[in-house]
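Asker: Each chain, letter by letter, is given below.
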Amino acid sequence: MKKLRNHPQLNQQENSPKAVNNETDLCSLTDLEFKRETAKILKELREDMNSNADSVRKELENIRRSQEKPENSFAAIQMELKAVKTRMNNAEEQISHVEYRMMEITQMGQQTENQMKKHESNKRDLWDNMKWANLCIIGIPEGEEKDNGIENIFEEINAGNFPNLKDTDFKIQESHRAPNKLNPNRPTLKHIIIKIAKVNNKERILNAARQKQNVTCKGTPIRLSAAFSTETLQARREWQALKGKNIQPRILYPARISFKTKGEIKIFSNKQKLKEYSNTKPILKEILKGLL
Amino acid sequence: MKKLRNHPQLNQQENSPKAVNNETDLCSLTDLEFKRETAKILKELREDMNSNADSVRKELENIRRSQEKPENSFAAIQMELKAVKTRMNNAEEQISHVEYRMMEITQMGQQTENQMKKHESNKRDLWDNMKWANLCIIGIPEGEEKDNGIENIFEEINAGNFPNLKDTDFKIQESHRAPNKLNPNRPTLKHIIIKIAKVNNKERILNAARQKQNVTCKGTPIRLSAAFSTETLQARREWQALKGKNIQPRILYPARISFKTKGEIKIFSNKQKLKEYSNTKPILKEILKGLL
Amino acid sequence: MKKLRNHPQLNQQENSPKAVNNETDLCSLTDLEFKRETAKILKELREDMNSNADSVRKELENIRRSQEKPENSFAAIQMELKAVKTRMNNAEEQISHVEYRMMEITQMGQQTENQMKKHESNKRDLWDNMKWANLCIIGIPEGEEKDNGIENIFEEINAGNFPNLKDTDFKIQESHRAPNKLNPNRPTLKHIIIKIAKVNNKERILNAARQKQNVTCKGTPIRLSAAFSTETLQARREWQALKGKNIQPRILYPARISFKTKGEIKIFSNKQKLKEYSNTKPILKEILKGLL
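Residue numbers (UniProt numbering), protein chains in the order written: chain A, 1 to 292; chain B, 1 to 292; chain C, 1 to 292.
Bear in mind the hints are in silico, worked out from the structure with no lab data behind them.
Heads up, some of the hints might be wrong.
Since copy identity is lost for identical chains, a pair holds within one copy or between any two.
Claimed, not checked - Here are the computed lysine-lysine pairs in the BS3-like style, where the Cα-Cα straight-line distance is at most 25 Å: (1) 146 x 260; (2) 218 x 289; (3) 146 x 218; (4) 271 x 117; (5) 262 x 218; (6) 82 x 69; (7) 190 x 218; (8) 271 x 285.
Construct the complete structure from the given sequences, taking the supplied hints into account.
Answerer: Next up, the structure:
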């Protein structure tokens with residue numbers, strides 16, 4: 001821009017007053033002087049005009065040239081933009097595919113989770129079933145079976161505590177010390193597990209033990225109980241918390257709770273079901289508050 | 001544009017004929033008049049030329065200025081485009097990573113599914129195994145065991161139906177009413193399940209029942225069967241549909257089918273395998289049409 | 001550009017020397033000639049000036065017009081760019097969501113895997129437990145039980161090999177040929193599996209067999225072993241590789257290894273634990289090299 005402003009031919013406004021004066025003074029010149037002056041002025045005008053035209057031509061050419069650049073850049077940008085849009089299309093398609101697959105995977109995951117829950121529940125059933133004939137004796141000092149054998153200890157317990165059962169031949173299938181699986185770090189005694197050949201006989205012993213209340217072995221108090229899967233044992237323990245409440249609950253096999261409410265016996269297989277029921281019974285809800 | 005067209009100095013074509021005439025008439029003027037006129041014309045030409053140059057200069061400057069704007073916009077757009085491309089690169093990389101992880105997850109899911117199938121099949125085996133010694137008695141009215149006890153009912157059935165087995169001591173391990181797990185809403189009787197100490201003895205009873213055909217208890221027809229896992233029971237029921245067809249099938253333990261075809265005994269453990277085989281035997285395929 | 005260069009009025013530099021000469025020669029003309037020539041030159045100057053102005057005007061208009069095009073393209077590109085950026089934002093959001101879900105899915109997958117491992121281990125426990133009372137007799141020719149019955153074969157083995165146990169009544173719960181599940185294509189004999197009513201009696205037989213070392217049936221050497229789950233069997237086989245090493249290992253029930261090192265009895269339940277321990281004991285590590 002600066003160059004253009006200083007251009008002599010295009011920027012002669014400051015000179016023009018002088019030129020104009022020259023032309024006005026032409027009339028007072030002699031003929032010859034007039035001719036010379038006129039010729040000079042005509043020559044200057046032609047030169048200036050040519051020079052101006054030349055400058056303008058160059059300027060216009062420069063502008064043309066600089067206009068070409070945008071055209072090229074445009075084409076380049078438009079191509080780049082097109083390429084980006086193509087990549088965008090692909091990316092969107094891939095994302096859409098990924099989202100669909102993800103939905104499928106999530107559904108499969110939910111199916112797997114449901115199957116897992118069934119497996120868990122089935123595992124519990126299997127163990128409960130396998131342990132159905134098992135009698136659990138709690139409180140016998142470890143090592144005592146080394147001298148007498150577990151079966152003799154069992155006979156001693158029966159003879160000492162349940163005289164009514166003395167004629168029953170409790171065939172024992174297997175007997176062993178059980179590891180405390182629930183919490184192996186707890187320094188409790190390992191229980192003695194006895195598998196009785198007849199499930200019925202196991203139940204007779206447990207009934208007798210329930211009636212006698214204080215069962216002993218060599219003077220030491222011991223406890224007899226049914227054997228359950230880890231999960232059922234846990235579920236029964238959770239019901240224990242309800243024992244003190246004035247609803248007189250009974251824990252049924254394997255881990256259901258039963259109690260009388262308004263003259264009706266109600267049985268629930270898990271806390272969730274009891275909770276749902278108690279939500280409709282304000283008094284029961286009050287009793288169970290903080291326990292479910 | 002409009003301004004430019006109305007510009008006096010740049011737009012004098014309509015005036016030029018007059019100017020040209022003026023100049024042609026110069027010759028007929030007196031010397032003084034000629035000098036004055038020439039001086040005037042020269043002055044006008046100079047003024048117009050300057051004015052034109054001035055206008056053009058302004059125009060060119062305007063164009064220059066307006067050309068600067070695109071340059072700036074270009075730089076801005078190119079920067080934005082570059083930023084978009086960078087984001088695009090990142091997005092594509094992430095998508096690629098996501099797709100790879102998805103493939104891994106899908107493979108893991110397939111492994112899980114396969115393991116699940118193995119677990120299902122193993123669960124079925126476990127239950128079949130646990131129920132191996134179980135005898136299922138169908139048709140005893142519920143509550144009847146309250147008075148007599150299940151074991152006495154069982155002895156009565158044996159004495160009444162299978163005189164050949166009267167000397168066998170069927171030691172019973174456990175006995176109970178079974179819930180109808182397949183469809184708890186179906187108003188059928190709950191079966192009585194008896195676990196016999198010796199699997200062999202269970203099979204002797206079932207063989208005897210198969211030979212006698214109509215087994216009764218206190219005059220009521222009852223049915224004896226082996227006890228199976230839910231899945232095996234379902235599989236056996238599906239084979240039942242083939243019973244009427246003229247291939248005389250036998251259902252083997254726990255849920256395989258066996259029949260004679262072209263003098264050869266064929267055994268299939270599931271419908272899929274039978275289907276694959278029958279696809280190569282047109283006659284068998286015709287018999288089994290609509291059943292597999 | 002080409003058009004502009006050939007334009008007569010804008011490109012008269014090559015003509016100007018002639019014009020300038022004409023003007024210089026004006027002085028030597030007669031008054032009339034001077035007047036005519038001056039009038040002609042003035043007319044030419046005016047015409048050229050007008051023509052130049054006209055050309056420039058057209059040129060400028062062209063440039064103006066071509067400048068409008070970029071403006072439009074700019075607006076279009078900016079809109080497209082904005083659209084791409086919006087899509088980009090959406091895509092990035094979706095990817096981010098997908099990645100988050102993927103993380104959740106991966107976590108769920110790991111939980112599933114852990115549960116699977118527990119199921120596997122539980123499955124092994126269940127089968128080991130169910131097979132606890134099982135005795136496995138290896139080496140009896142297949143079909144031999146057709147004539148004598150498995151129980152008679154078992155009695156014969158006991159009578160022939162373990163005279164000390166002759167007064168024991170081994171009540172048998174079930175007996176059958178077992179399929180070789182580990183490798184059904186291996187042409188080995190199917191084992192005979194006998195479930196003894198009392199686990200204790202099974203162990204007495206196995207102890208007696210261990211002491212006698214060469215057990216036979218009708219002159220043929222046979223082998224008695226405990227029955228295990230497929231997984232436990234596999235684990236026990238892997239421990240066998242340590243038998244020759246000078247650490248005198250004993251394989252404990254169901255698949256643990258025990259050996260004396262520096263006067264202390266060590267028990268390991270799997271190879272991983274033994275490996276971790278041996279990494280801290282250079283001598284033991286040397287002995288076990290290549291076995292873990």
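Asker: Each of the hints needs a verdict: does it hold here or not?
Answerer: These are the hints, each one checked on the structure:
1. When the C-alpha separation of residue 146 and residue 260 is checked against a cutoff of 25 Å, the pair qualifies only between copies, where the shortest distance is 23 Å, while the shortest distance within a copy is 46 Å.
2. Proximity of residue 218 to residue 289 under the C-alpha cut-off of 25 Å is found in neither arrangement, the shortest distances being 43 Å within a copy and 52 Å between copies.
3. When the C-alpha separation of residue 146 and residue 218 is checked against a cutoff of 25 Å, the pair qualifies only within one copy, where the shortest distance is 16 Å, while the shortest distance between copies is 38 Å.
4. For the identical chains of this complex, residue 271 and residue 117 are intra-copy neighbours only, at 16 Å inside a copy versus 28 Å across copies, given an alpha-carbon limit of 25 Å.
5. Proximity of residue 262 to residue 218 under the C-alpha cut-off of 25 Å is found in neither arrangement, the shortest distances being 45 Å within a copy and 40 Å between copies.
6. For the homomeric pair residue 82 and residue 69, the shortest alpha-carbon distances inside one copy (20 Å) and between copies (19 Å) are both at most 25 Å.
7. In the homo-oligomer, the alpha carbons of residue 190 and residue 218 lie at most 25 Å apart inside one protomer (18 Å), although the nearest pairing across protomers, at 45 Å, exceeds that limit.
8. With identical chains, the CA atoms of residue 271 and residue 285 are at most 25 Å apart within one copy only, with a shortest distance of 13 Å there and 52 Å across copies.
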